[in-house]
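Protein sequences appear in the order of chains A and B. First residue of the first sequence: 0, per numbering that gives the first Met the number 0; consecutive thereafter. First residue of the second sequence: 0, per numbering that gives the first Met the number 0; consecutive thereafter.
Read the hints as simulated data drawn from the structure, not as lab findings. Predicted model, so just to flag it, every value in this text is computed and none were measured. Where hints are given, some of them may not hold.
[Stated by the list, open to error] Stretch-level coverage of chain B by chain A, calculated; a stretch enters the list once three of its residues show a Cβ under 8 Å from a Cβ in chain A:
#	region
1	88-100
2	119-126
3	132-144
[Claimed, not checked] With a straight-line cut-off of 25 Å between C-alpha atoms, the simulated SDA-like cross-links for lysine to any residue are:
#	chain 1	residue 1	chain 2	residue 2
4	B	K130	A	G97
5	A	K38	A	D9
6	B	K29	A	V132
7	B	K125	B	E169
8	B	K130	B	Q17
9	B	K47	B	S113
10	B	K38	B	P140
11	B	K125	B	G58
12	A	K130	B	G97
13	B	K24	B	S113
14	B	K167	B	P34
15	A	K47	A	V22
16	A	K29	B	P57
17	A	K167	A	M65
18	B	K130	A	G58
19	B	K130	B	G150
20	A	K130	B	G58
Every residue gets a Cβ at the ideal spot worked out from N, C-alpha and C, and that includes glycine.
2 protein chains.
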Amino acid sequence: MTADKILNNDIELDLILQRQIDVPKDKVWKALTEPELVKEWFCPKPWKTTECRIDLRPGGEFYTNMQGPDGEGHSGASCFLEIVPQERLVWTTSLQPGYRPSPLPATDAHSCESLMFTCIITLAEKDGGTKYVAHVMHSTPEQKIQHEEMGFEEGWGATITQLEELLKHEKV
Amino acid sequence: MTADKILNNDIELDLILQRQIDVPKDKVWKALTEPELVKEWFCPKPWKTTECRIDLRPGGEFYTNMQGPDGEGHSGASCFLEIVPQERLVWTTSLQPGYRPSPLPATDAHSCESLMFTCIITLAEKDGGTKYVAHVMHSTPEQKIQHEEMGFEEGWGATITQLEELLKHEKV
Chain A
0 MTADKILNND IELDLILQRQ IDVPKDKVWK ALTEPELVKE WFCPKPWKTT
50 ECRIDLRPGG EFYTNMQGPD GEGHSGASCF LEIVPQERLV WTTSLQPGYR
100 PSPLPATDAH SCESLMFTCI ITLAEKDGGT KYVAHVMHST PEQKIQHEEM
150 GFEEGWGATI TQLEELLKHE KV
Chain B
0 MTADKILNND IELDLILQRQ IDVPKDKVWK ALTEPELVKE WFCPKPWKTT
50 ECRIDLRPGG EFYTNMQGPD GEGHSGASCF LEIVPQERLV WTTSLQPGYR
100 PSPLPATDAH SCESLMFTCI ITLAEKDGGT KYVAHVMHST PEQKIQHEEM
150 GFEEGWGATI TQLEELLKHE KV
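Can you make the complete structure from the sequences, with help from the hints?
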């Protein structure tokens with residue numbers, strides 16, 4: 000599958016990360032949806048995910064608190080939209096838990112808080128492992144570019160490597 | 000049911016419209032979800048809803064185009080989040096169809112386009128008719144007040160009266 004075959008992909012607005020993960024998809028699903036596992040891989044080291052809450056249902060909470068090596072931090076809640084176990088997970092920063100609209104972002108163009116996006120993760124069995132696709136949708140080209148410049152590809156890529164390493168070396 | 004018993008209601012952030020509609024709820028549900036019926040009642044007269052598209056599934060489109068008596072207009076697409084036939088309908092202006100984040104609102108504080116809200120409509124059988132509750136959630140007190148000042152109660156109230164009149168006088 001190439002990026003342009005992803006349903007509703009708009010190359011002006013969307014970022015795509017695709018990876019082959021050499022771990023079965025039931026384990027990948029666990030790592031995506033169990034808070035104690037999410038904390039192990041969800042932000043690129045040396046940052047740490049110090050808290051995670053997951054209420055895995057449409058309208059449910061996806062909360063993370065992340066801490067940087069120099070004490071800087073970022074926390075925030077998103078809202079789950081669709082959950083198809085082992086296949087599809089959709090969540091958005093545009094809504095808070097219970098579907099309440101998120102406060103409008105600050106005008107500071109390069110803070111995490113100023114980004115709104117919806118993430119559609121799909122998993123498929125492939126070659127004994129898992130094909131992972133994250134389709135990240137923005138409202139405008141400016142928001143896409145901002146996310147790109149914040150290091151989307153490198154950052155999300157690093158976290159998926161961390162996820163894979165976790166699943167290869169720990170009994171999940 | 001009083002407003003403070005509505006699930007997750009926050010009086011600082013939410014607007015509630017409750018009405019007894021003397022029509023069975025299967026008909027009310029039709030009027031909420033069939034485009035040709037929605038066009039008959041969705042905006043307070045003398046405004047008209049000239050177009051309506053409904054794709055009744057989570058992630059589906061809810062589009063309306065409204066025209067005022069002097070040629071002014073407003074159109075926009077929202078996104079359905081939950082559909083429980085004859086019981087519960089949830090949609091948000093924070094997302095576009097397919098869950099894409101909506102563009103950030105303009106700074107003009109009193110245009111429809113600057114409002115983001117999620118609407119949870121619930122229907123329940125009562126006294127041979129239908130208890131209708133619209134729970135409209137905002138991100139901030141400012142957004143709630145803006146919606147209130149735009150005439151939420153009067154406007155939405157008028158449309159529900161139109162809906163009831165339609166269902167009483169037309170075969171649906």
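query = Taking a Cβ-to-Cβ distance below 8 Å as contact, does the region 132-144 of chain B have at least three residues touching chain A?
reply = Since 5 is at least three, the answer is holds.
inquiry  = Check whether the Cα positions of K130/B and Q17/B lie no farther apart than 25 Å.
reply    = Cα-Cα ~7 Å, so holds.
ask   = Is the Cα-Cα distance between K47/A and V22/A 25 Å or less?
value = holds, 23 Å
message = For K125/B and E169/B, compute the direct alpha-carbon distance and say whether it is at most 25 Å.
response = Holds. K125/B to E169/B sits at ~21 Å (cutoff 25 Å).
message = Just to be careful, I want the Cα atoms of K47/B and S113/B compared with a cutoff of 25 Å; is the pair within it?
response = holds, 21 Å
inquiry  = Hinted pair, alpha-carbon criterion (25 Å max): K24/B, S113/B. Please report holds or violated.
reply    = violated, 32 Å
8 Å C-beta test of the region 88-100 of chain B against chain A, three or more residues = It holds, with 10 qualifying residues against the three required.
inquiry  = Would the hint linking K167/B and P34/B be met if the CA-CA limit is 25 Å?
reply    = Status holds; Cα separation ~18 Å.
query = Is K38/B close enough to P140/B, meaning Cα to Cα at most 25 Å?
reply = violated, 31 Å
message = Against the 25 Å threshold, does the CA-CA distance of K130/B and G150/B hold or violate the hint?
response = Holds, at about 22 Å.
task = Would you check the hint for K130/A and G58/B, treating anything up to 25 Å between C-alpha atoms as holding?
result = The hint holds at about 24 Å.
inquiry  = Can you tell me if the region 119-126 of chain B counts as covered by chain A, using C-beta to C-beta distances under 8 Å and a minimum of three residues?
reply    = The restraint on the region 119-126 of chain B is violated, since only 1 of its residues have a Cβ under 8 Å from chain A and three are required.
Violation of the numbered hints given earlier is confined to hints 2, 5, 6, 10, 11 and 13; the remaining hints are satisfied by the structure.
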